[in-house]
Amino acid sequence: MCEGLGCGGSKPGMNELRESLIQAVDLHNLSDDVKVDFTGCHGFCQKGPIVVIEPEGTFYTHVKPKDANAIIKQHFIKSEPVKRLLYKDAETGKYIQNYDEVPFYKNQQRIILRNCGHINPEKIEDYISEGGYKALQKSLCDYEPLEVIEEIKKSGLRGRGGAGFSTGMKWSFCRQSPGEPKYIICNADEGDPGAFMDRSILEADPHSVIEGMIIAAYAMGATKGYIYVRAEYPVAVRRFRIATEDARINRFLGENILDTNFSFDIEIYEGAGAFVCGEETALIASIMGKRGNPVPRPPYPTTTGVWGKPTSINNVKTFATVPVIINRGAEWYSSIGTEDSKGTAIFALTGKITNSGLIEVQFGTTLREIIFDIGGGVPNGYEFKGVQTGGPSGGCLPASLLDLPVDYKNMAQSGSILGSGGMIVLDNNDCMVKLANYFLNFIQEESCGKCVPCRVGVKAMYDILQRIIDGQGEMEDLDLLEELADTVKLASLCGLGQTAPNPVLTTIKYFRDEYISHIVDKSCPAKECQALIKFAIDEGLCTGCTICFQSCPTHAIIGRKGERHTIDPLRCTQCGICEASCPSKAIIKLDRCEMEKVVLV
Amino acid sequence: MESQKTKNRKESEEDFDDNPTGSMSTVLVDKEEIDDHFDYEAIDGIIESSGRILKEIQNKYNYLSKNDIKQVTISLNEALSDVFPILEEIDERILEGIIFAKERKATNLIPILQAVQEHFDYLSKMTMKRISEYLDLSLNEVYSVATFYTQFKYEKPGEHQITLCSGTACFVKGGNILLDAAEKHLNIKSGETTEDRMFTLETVSCMGCCALAPAVMIDDEIHGHLKPSKLIKLLQKTRKGGS
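Here the protein sequences line up with chains A and B, keeping their order. Take the first sequence: its position 484, counting from 1, is numbered 630 in this note's numbering, and each next residue is one higher. Take the second sequence: its position 51, counting from 1, is numbered 52 in this note's numbering, and each next residue is one higher.
Only true hints are included.
Label-pair distances were calculated between CB atoms; the ranges are: (1) M315(A) x N63(B): 27 to 35 Å; (2) N188(B) x E529(A): 36 to 44 Å; (3) R613(A) x N188(B): 23 to 31 Å; (4) Q237(B) x D714(A): 22 to 30 Å.
Short, incomplete list of chain A residues facing chain B, as computed with Cβ under 7 Å: (5) C191; (6) C721; (7) S727.
Note that these hints are calculated values from the structure, not bench results. Glycine included, every Cβ here is placed at the ideal spot set by N, Cα and C.
Just chain A, same shape as in the assembly:
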């Protein structure tokens, strides 16, 4: 049974489901044969709550507490699956019983997420029985520290935090830097809106991160590690804490690990909510109890980091990959992926997509395979318009780039970044100008304010976009935007500012038409910009349910129960609340051309 946040939704519901499963097991006297246990996130959040029967791997979706009895009774006593709860393939209409055959999983290659959804994250025995901490033993007994670094270098592993710097190189820099003690930090300050893979790993498989950290510490000669987790992730913090305690009891952490003379321990540090703290130097400042202001690099943290000592900062996913590389060898790992990007990448597939959730594929998989084969495409019959990758530092890629194989190089060339791996799918109801505006607003709020290009430049760009959205834009604004974007990119101090213009630049590059229709025609093709649209009620579809009437904050909707409603255009503020609330989709949006037609009629 999955207890990830996406499945749980709300905690009380989750407890109820667990209780009823346990009760059902007891009722049928199966408690000797059946054990109800929970795991971290399975990744397929769209279908939650999920219950998987191991070892056969029967996959039940949308399980409600009242279904518990049926599952236990039919599955275990009659030995038949409960058909109505199985995954139903949207195309063929067939029910699929087995976990591995569901298209969502079939097309994935789960290396980093290997244990997610299979083990109980709060039990170290579960992790060990899946081969956990073997890589640590192998490293400590068979390898010299330098050999570990060599192995990681050979594997071609690149930092999964976004920038994609070679992990092996970083470790060897840190090892070579003078200064004792050395520190390692696990960066779990996952602030990108729309990305939740770090949280899922910490919640579902915390030991893999711990093991990776210990191996890294051994390789670099570090004695102390920090993990910087967002305080917004209380479950992740709790599970990680339990995991470190268990690791200490089992002598994987602490003094003389596994009876060698190597000692290392991990301290958990809860971030207090600042996006910029994902940046290395800001994160270090935050750990030292200061404002999270970034400082210029060099010197890099590998020479001067926490408390002025050499520090290596790696992402959660990077650490979780390390044990696999040690176990299965660098050669095996480097055989996966493409020329310059080895291994696999995790994406959080969200937005206008049928199967939203967490996926892992090897580098070189095309966007089309990710979005259509695994993600199941855009729902409700709408058209695929683009995909936004890499969060606020990334860009929007159009449908014409769907066959682009995803790796670090290709993404950078297209103007976006791989980033932490958020992928937000957009359909033709999404306005690109408004989306760019959304990201700038985010950066503007999160900018630490230290350097001018980021603090003032981003605000200026935001104001221009706001003008365009309000229908006040001019053609010169586009040039000005591009000029500003270049300056901000060049002159900003840290990664936050340097990548902030990406959403604007890519949307101008790939969706210039949309900007032009906002500026010249004063019309929003996606009908999202409030100043450029009007709302009306389709009389044929309206059932007179009064839901819109009740939710309209300006009382602009006229009509009685059972009668067709109309909108008073003088009172309407185009907030869109009625449209989002209408159960029969009777409220339609009109752009400028359509408005004129209506007026003529």
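Following the hints, position chain B against chain A.
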């Protein structure tokens, strides 16, 4: 530490001497009884033992969970309420317990702020002042660090916490419209508290449950796939349930 304590004690004594018939007298009957109640040694003993317990937990597990602090403060409250039935003073003592449980290093500032906010729900000027004294920082430094991070609040939050996700996935699925509806329904802006102190409205950059977009968290419960009309109904239900 000791001098601070005696100073506080003096201050509170003065308060009572100056104002024997003020608001305090509704709690305490007469001055003699006050003196009877104020067995300072007992109070210090209780606080010290609570502080010690907190410190022990901190040393053992390397952190204090909300539950630990709650348990200790409940017992502290109970023990103190026998001898010392004034809430503000108790709050101050609890504050000391929480602060003193952490090592006296400026680098512990953020964890201390977090622990204090966890118990009191917000950072008051008084709490920040005490923290600055303990860590030998200026009040300005404490305030500057606290305001950098979005987690910290400076006003007592309302009874119910409404948190709207403004992540990208929620945004493309109409999260902004949901926020608009909530703001208009409650007649406050994001980050504010309603006048009747029932609701505090907030947005977060991402709750990490994008599959449920648009998502709203009401107190500790996450509601997904919300329409504005449904959110308003939920708010109405919460208001009724709470009052």
